[in-house]
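For reference, the chains in residue letters:
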Amino acid sequence: MGKKKILVVDDEVDLVKTIQFYLELEGYQVLASYNGEDSLNQARKENPDLILLDIMLPKLDGYKVCRLLKFDEKYKHIPILMMTAKTQEKDKLIGKETGANEYIIKPFDMEELTQMIKAYLKD
Amino acid sequence: MQSRILVVDDEKEIREFLSKALTRIAGFHVEVAEDGDDALKKIEHDKLDLILTDLKMPRMDGLKLITEIAKTKPEILTVLMTGHGTIDSALEAMKRGASDYLTKPINLDELVLRVQKVLDEKQRFVSLKEYISQLESANQELKKVDEMKSEFVSVASHELRTPLATIKNAVQLVLKGKAGEVNDAQANFLIMAEKNINRLTNILNDLLDLSKIEAGKMGMKFEELDLRVSIDFVLSSLKSQADGKSIHLEMEVPKDLPFVYGDREKVEQMLTNLIGNAIKFTPEGGKVVVSARVLDKTKNAVGISVHDTGIGIPEDQLGKVFEKFHQVERPLHHSASGTGLGLAITKGLVEAHQGQIWVESELEKGSTFTFTLPLSKGEKREPHFRFILDWEFRRAQENHTPFTLFLIEVLRQMGKSENNQLNQLEETVKKCFVRKGDILFKRERDNILAVLCEADLSGAQVIRQRIEGEIQKHFMEGGDQSVVIKVGAATYPEEAITKRELFRRAKAQLRG
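Residue numbers (the working numbering), protein chains in the order written: chain A, 23 to 145; chain B, 370 to 881.
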């Protein structure tokens with residue numbers, strides 16, 4: 023069985039690097055994307071097993087990316103974990119409509135995030 | 370500024386007499402007009418403060434003039450002069466907007482006094498209005514600044530979180546040896562860094578909470594709450610902290626304490642703040658007691674007290690502890706790591722629940738913080754399903770045990786509803802859950818049985834087969850087509866790691 027593929031999307035390059043480093047050590051293949059439009063293209067092309075998605079993204083925000091994938095029969099099975107720097111209820115509600123599976127508030131604990139990812143990627 | 374007055378009278382002598390009197394005695398600037406029409410023309414061209422008019426005049430009389438002015442130039446004051454015995458006209462004039470009236474024969478002193486008084490009142494009114502509008506615009510300005518402040522705090526907290534996330538990840542990577550071996554000294558410094566990242570995160574959270582409370586934008590989700598569950602949860606989450614200082618935690622809550630009405634997350638935040646503080650300011654070997662009871666006085670609220678055997682708060686600081694950024698002065702060794710916002714937030718949250726909070730304290734003996742929460746309107750009932758789910762889910766998370774939620778739904782076919790089907794189903798399903806700790810919950814409203822049990826994924830599959838077998842045996846044999854029973858299940862942590870996901874997953878299978 024090949025490595026599971028995770029797409030990490032955030033415009034903070036350094037943050038993506040740390041997550042990538044961590045997840046690769048955990049044995050995952052990690053794809054990185056730094057804006058909404060590119061992440062959508064990558065998701066459609068690579069069909070990852072899970073997506074870590076920031077909300078505030080250039081070009082196309084995370085809500086829209088999530089909605090576009092979750093309303094597409096071909097991709098709606100992909101678990102999407104939203105990363106957000108906001109804690110307001112309102113944001114969570116908008117997120118709910120998009121069909122995201124989880125919300126993680128920055129800063130998060132890599133260990134906990136890894137546990138969460140593992141739970142979603144278990145066969 | 371000299372007041373400008375227009376005297377309107379059809380008799381030339383009277384006009385001139387009044388004009389002279391008002392100019393000489395009171396120093397007004399006086400214009401004259403011989404009737405209503407003439408007066409209206411003068412008003413158009415001259416900026417006037419007050420019109421003193423006779424009642425009976427040819428063409429337009431005094432009443433009409435007053436009415437007209439009240440309509441078109443309300444800023445000009447009017448005073449009517451009436452003859453003896455025409456008091457009704459005077460009252461009518463007042464109704465239509467005149468400020469005052471005088472009866473003939475005119476007493477000059479009285480005339481000047483009345484006119485002056487009317488003008489003064491107007492002046493006071495004008496300055497009051499100006500003052501009010503100044504206050505209003507100042508208030509607008511303040512509101513704008515306050516909104517900007519809230520916005521700033523929100524944006525700042527947001528902008529700070531992302532870099533903080535990167536720093537936290539980087540530190541954790543190195544600390545956990547993922548980027549190469551770390552010696553003890555290095556690890557110690559990294560732990561220090563990590564601790565302070567967490568502290569900074571807490572400060573950001575507190576600041577954001579406080580700004581939301583102050584702006585009245587704290588979203589509240591009120592529901593019926595079993596305080597025993599919340600208190601127990603908070604106590605167990607703070608247990609290791611208390612154990613570290615050998616502090617004994619106690620809970621004194623009557624078993625039959627009625628439900629309160631509150632936002633669970635916020636109530637637990639208040640409890641965490643107060644109990645956490647109590648632990649922080651209590652020396653080793655001390656005691657923290659959390660108690661709750663219905664208040665005797667009103668019987669419509671519950672008082673929750675957190676009592677400690679700590680260092681106490683000096684009397685002169687008791688009133689200040691709920692202020693923002695206030696930290697009671699204390700000896701150095703009680704190094705406080707708080708943000709100084711905890712109690713201010715707690716107070717704001719209590720107030721958002723229509724409650725009150727206060728503190729009693731004695732130096733070196735201890736402190737007692739008490740807050741109130743409104744009683745739920747409903748009677749004491751069996752704990753709500755959600756509470757049980759919450760409770761069990763948390764227990765599973767803390768003890769790292771698996772946990773499965775079953776939802777079993779009776780779908781009645783049209784027109785063939787029997788009320789005892791759910792009871793029948795309950796009896797049937799019970800056989801599959803015989804272990805201690807399995808919790809069966811009936812929701813008659815939507816014909817669902819919910820079962821919580823400590824089972825992992827493979828265990829859950831076995832149980833599911835048994836349930837389906839029993840249902841087949843008791844409901845489907847004999848070709849009864851009137852009942853459809855569906856089973857949904859989800860297991861923590863294999864299939865879902867949040868409560869919401871667990872519930873959603875189980876529920877989705879009922880629809881399938």
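Calculated from the structure, these hints are not laboratory results.
Everything numeric in this text was worked out from a predicted model, so none of it was measured.
Where a beta carbon is used, it is the ideal one built from N, C-alpha and C, also for glycine.
Warning: the hint list may mix true and false statements.
[What the hints assert, rightly or not] Beta-carbon label-pair distances, calculated as ranges:
hint	chain 1	residue 1	chain 2	residue 2	range
1	A	ASP36	B	PRO683	28 to 36 Å
2	B	GLU516	A	GLU46	42 to 50 Å
3	B	LEU504	A	GLN137	27 to 35 Å
4	A	HIS99	B	ALA507	54 to 62 Å
5	A	HIS99	B	LYS547	43 to 51 Å
6	B	LYS586	A	LYS98	47 to 55 Å
7	A	GLY24	B	ARG835	34 to 42 Å
8	A	ASP131	B	GLN509	55 to 63 Å
* So which of those numbered hints doesn't the model satisfy? -> The structure conflicts with hints 1, 3, 5, 6, 8, although it agrees with all the remaining ones.
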